[in-house]
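This is what each chain is made of:
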Amino acid sequence: MMTMFIDEQTEDEDDIDPFEALNVSTTAPAARGASLLEAFAEDGDENDESLEEENEVVDTLEMGGMMEIEEEVVESVIPLGEVGIEEEDVDPFEELGATRQNVVESTNANVNDALAAFMDEDEYQGPENTIVFEGENATENESIEQEEIDEEIQVEAEKPRAQPEELYRFLLEGVWVDDVLDPAEVALMARKRRDLGISFETHLKILKQILHD
Amino acid sequence: MSVLFQHALDLAWSDGRLSKRGAILLENLQEILELSDFQRSVIEEKHHLQVIPHLIPRGFGSGASTLDQWVASLMDLDDELPRYLVSMGRQSLQTGISKQAWIEVFAAAERMKCEFEFARGVWEPQFEVEILVWPEALDPIAKSLGLLLEEE
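Listed in order, the protein sequences are those of chains A and B. Numbering-wise (this note's numbering), the first sequence opens with residue -13 and increments by one. Numbering-wise (this note's numbering), the second sequence opens with residue 361 and increments by one.
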């Protein structure tokens, strides 16, 4: 790979070695490994030399060093004045041409978040933020969404709730799952009959239907 | 439904042969229990396949007398029958009732016009039930409910 990079160098780059510029060692990994081993093997006077070699190798491995290099490259592309603390404050919504509307501050109490329809009424506290893109009319959207939510609520209200008999049938079917009826199950079913307002005659009718299905 | 008629067949064939009297008593019981011919045929076919081949003939249909006595005992229970069925239902619940046992005994109770009482004994824990020793005539019911072992 390294040779490919070297081959691709052009004269326009004024013979600048990119590895040198990036402070990257061009020594083969095997050679670096050998030199490291030598550094451990040598004693005394040769310590300084080996330290230098070690430092050189360590420099190429340190991430900190690499990060510094990257920062330098960025600085060279983007003027320093443009990069700073202000960059963190850039609002991505503004960049996309959308404006953020704070509904909490507005006096409109209408629910305008379609997700609200999927939440429990008790838990839902209303949206805190909504995003309105440029060219869209916020109030119009709110009224449409409100209509949709009203429709959904109406549909939910019109939906037939589980009949007590159906619920009781479901429970009674569960009682026979293990094929044996015990006193605890009987007590449970008696309580359910009371709760659901089901007569004993209805219980027998449902029981017959279950057992003969 | 089959519990009672099945027992009647067992009694009628108890010595390995069915007498004419025994056959007449079975006809009578069919009427008492309000069984259709089809319902009776289903029970009899099962009995012919599973029981009769294993019987060793050792008499001339003396089982008819036993059958007659049993039917008479059952009829004599009359007003007492609901009380016994409630009690048996409650007692069987303590050990657990299988689905099959419930179906069989409830059907038998229906034939004896006591299904509501039996069901109350099983399904209404708040309903006070007197624990009674059932008469011998109700042994087939007790057997189905697991209150009586087969050997007994």
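In case anyone wonders, no lab produced these hints; they're calculated from the structure. Treat each hint with caution, since some may be false.
Claimed, not checked - Going by beta-carbon spacing under 7 Å, a handful of chain B positions derived as facing chain A: (1) Arg400; (2) Gln451; (3) Leu453; (4) Gly456; (5) Ile463; (6) Ala467; (7) Ala479; (8) Trp483; (9) Val489.
For clarity, every value in this text was computed on a predicted model and none was experimentally measured. For every residue, glycine included, the Cβ atom is placed at its ideal position computed from N, Cα and C.
Identify whether the interface hint at Leu453 (chain B) stands, where standing means a beta carbon of chain A within less than 7 Å of its own.
-> 6 Å, holds
Satisfaction of the Ala479 (chain B) interface hint, Cβ to chain A closer than 7 Å = 6 Å, holds
Can the hint on Ala467 (chain B) be confirmed by a CB-to-CB distance to chain A that is less than 7 Å?
-> With Cβ-Cβ at 10 Å, over 7 Å, it is violated.
Was the hint right that Val489 (chain B) lines chain A, CB cutoff 7 Å?
-> 12 Å, violated
Could you check if Arg400 (chain B) really has its C-beta closer than 7 Å to a C-beta on chain A?
-> 19 Å, violated
Does the interface hint hold: is Gly456 (chain B) within less than 7 Å of chain A, judged Cβ to Cβ?
-> 4 Å, holds
Holds or violated: Gln451 (chain B) as interface residue toward chain A, Cβ cutoff 7 Å?
-> With a closest approach of 11 Å, the Gln451 (chain B) hint is violated.
Is the interface hint for Ile463 (chain B) satisfied, with its Cβ closer than 7 Å to some Cβ of chain A?
-> 6 Å, holds
Does Trp483 (chain B) meet its interface restraint, that is, does its C-beta lie within less than 7 Å of any C-beta in chain A?
-> Status holds, d = 6 Å.
Of the numbered hints stated above, those contradicted by the structure are hints 1, 2, 6, 9, listed in ascending order.
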